[in-house]
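K.L.:
Numbering (full-length UniProt numbering), first residue to last: 1 to 206.
Some hints here could point you the wrong way.
Distance windows between CB atoms, simulated [claimed, not checked]: (1) R20 / I70: 24 to 30 Å; (2) E164 / P11: 50 to 56 Å; (3) E76 / R126: 16 to 22 Å; (4) E193 / Y156: 15 to 21 Å; (5) S95 / L53: 29 to 35 Å; (6) R66 / P11: 21 to 27 Å; (7) R62 / K149: 43 to 49 Å; (8) E186 / T61: 38 to 44 Å; (9) D88 / N142: 27 to 33 Å; (10) D159 / V96: 23 to 29 Å; (11) K174 / L45: 20 to 26 Å.
Just so you know, these hints were derived from the structure itself, not from any lab. Predicted model only: the values in this text are computed from it and were never measured. We put the CB at the ideal spot given by N, CA and C, even for glycine.
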Amino acid sequence: TSATTTRVFTPSYAAPEQIRGEGTDERTDIWQLGVVFYELVTGELPFKGSNLLEIGMAITTRDPVRPSEINPEAKEVEDIILKCLEKDKERRYQSVEELQKDLAKYLGIKYRESLKLSVTKKDFRRSAYYCCELLLLNMKINNILEAYKYALDLLYYSDGKVKEEVQELCNQLKMRIEYGIKDVPEELIKKAEVIAHKIKVGSLKN
Numbered sequence: 001t002s003a004t005t006t007r008v009f010t011p012s013y014a015a016p017e018q019i020r021g022e023g024t025d026e027r028t029d030i031w032q033l034g035v036v037f038y039e040l041v042t043g044e045l046p047f048k049g050s051n052l053l054e055i056g057m058a059i060t061t062r063d064p065v066r067p068s069e070i071n072p073e074a075k076e077v078e079d080i081i082l083k084c085l086e087k088d089k090e091r092r093y094q095s096v097e098e099l100q101k102d103l104a105k106y107l108g109i110k111y112r113e114s115l116k117l118s119v120t121k122k123d124f125r126r127s128a129y130y131c132c133e134l135l136l137l138n139m140k141i142n143n144i145l146e147a148y149k150y151a152l153d154l155l156y157y158s159d160g161k162v163k164e165e166v167q168e169l170c171n172q173l174k175m176r177i178e179y180g181i182k183d184v185p186e187e188l189i190k191k192a193e194v195i196a197h198k199i200k201v202g203s204l205k206n
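I would like the entire structure built from these sequences, with the hints used as guidance.
P.N.:
Below is the structure:
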């Protein structure tokens with residue numbers, strides 16, 4: 001027996017290769033994520049038409065209006081969205097992991113700015129939150145040096161049993177750095193997520 005996966009699509013979210021009846025793969029999913037992302041930041045669909053034929057023609061032949069022309073605040077993520085919406089699959093992100101890395105870079109910049117601002121304002125509850133987010137973000141993209149840096153920072157925002165858990169996490173990250181192990185295992189990420197949750201909840205009580 002064999003199993004066949006068929007992507008069922010809504011016309012407005014269909015990728016060009018779906019309109020043309022060609023093969024689909026992970027890059028088709030990336031196109032659809034791009035449509036959703038575009039709609040989230042602009043409030044509009046990137047490709048429109050009064051009927052299925054017009055929508056299909058727009059998807060296969062027309063470039064979308066740049067998100068920043070609709071919402072200037074979308075400028076920072078515009079390149080990511082438009083890369084998702086490349087009509088040629090070879091010019092899109094080739095995997096969800098590749099897309100995640102660019103999104104992580106964007107989020108990392110925003111989180112670092114917010115962390116710096118919260119420290120300046122001595123809003124340590126917010127500082128703890130952003131420090132946790134930066135730790136998890138960097139662990140998920142295997143940026144182990146940055147993850148270790150934020151794990152060390154979290155020692156400042158934790159105490160008691162949680163601080164011991166943070167120290168153990170620091171030790172494990174440091175060991176991986178020293179041995180040149182670049183990948184962060186899923187179980188270590190899950191452990192960090194539990195620690196981050198405890199710190200966030202603890203900071204809300206203070």
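K.L.:
Could you run down the list of hints and mark each one as holding or not?
P.N.:
Here is what the structure says about each hint:
1. R20 / I70: 24 to 30 Å: Hint holds: Cβ distance 27 Å, inside 24 to 30 Å.
2. E164 / P11: 50 to 56 Å: Taking Cβ atoms as reference, E164 and P11 lie about 55 Å apart, which means the hint holds.
3. E76 / R126: 16 to 22 Å: 21 Å, holds
4. E193 / Y156: 15 to 21 Å: About 19 Å separates the Cβ atoms of E193 and Y156, which means 15 to 21 Å holds.
5. S95 / L53: 29 to 35 Å: 32 Å Cβ-Cβ, so the 29 to 35 Å window holds.
6. R66 / P11: 21 to 27 Å: Roughly 22 Å apart at Cβ, these two residues keep to the hinted range, so it holds.
7. R62 / K149: 43 to 49 Å: For R62 and K149 the Cβ distance comes to about 45 Å; the hint holds.
8. E186 / T61: 38 to 44 Å: 42 Å, holds
9. D88 / N142: 27 to 33 Å: Given range 27 to 33 Å: holds, Cβ gap about 28 Å.
10. D159 / V96: 23 to 29 Å: 38 Å, violated
11. K174 / L45: 20 to 26 Å: Violated - the Cβ-Cβ distance for K174 and L45, about 48 Å, lies outside 20 to 26 Å.
The structure is inconsistent with the numbered hints 10, 11, although it conforms to all the rest.
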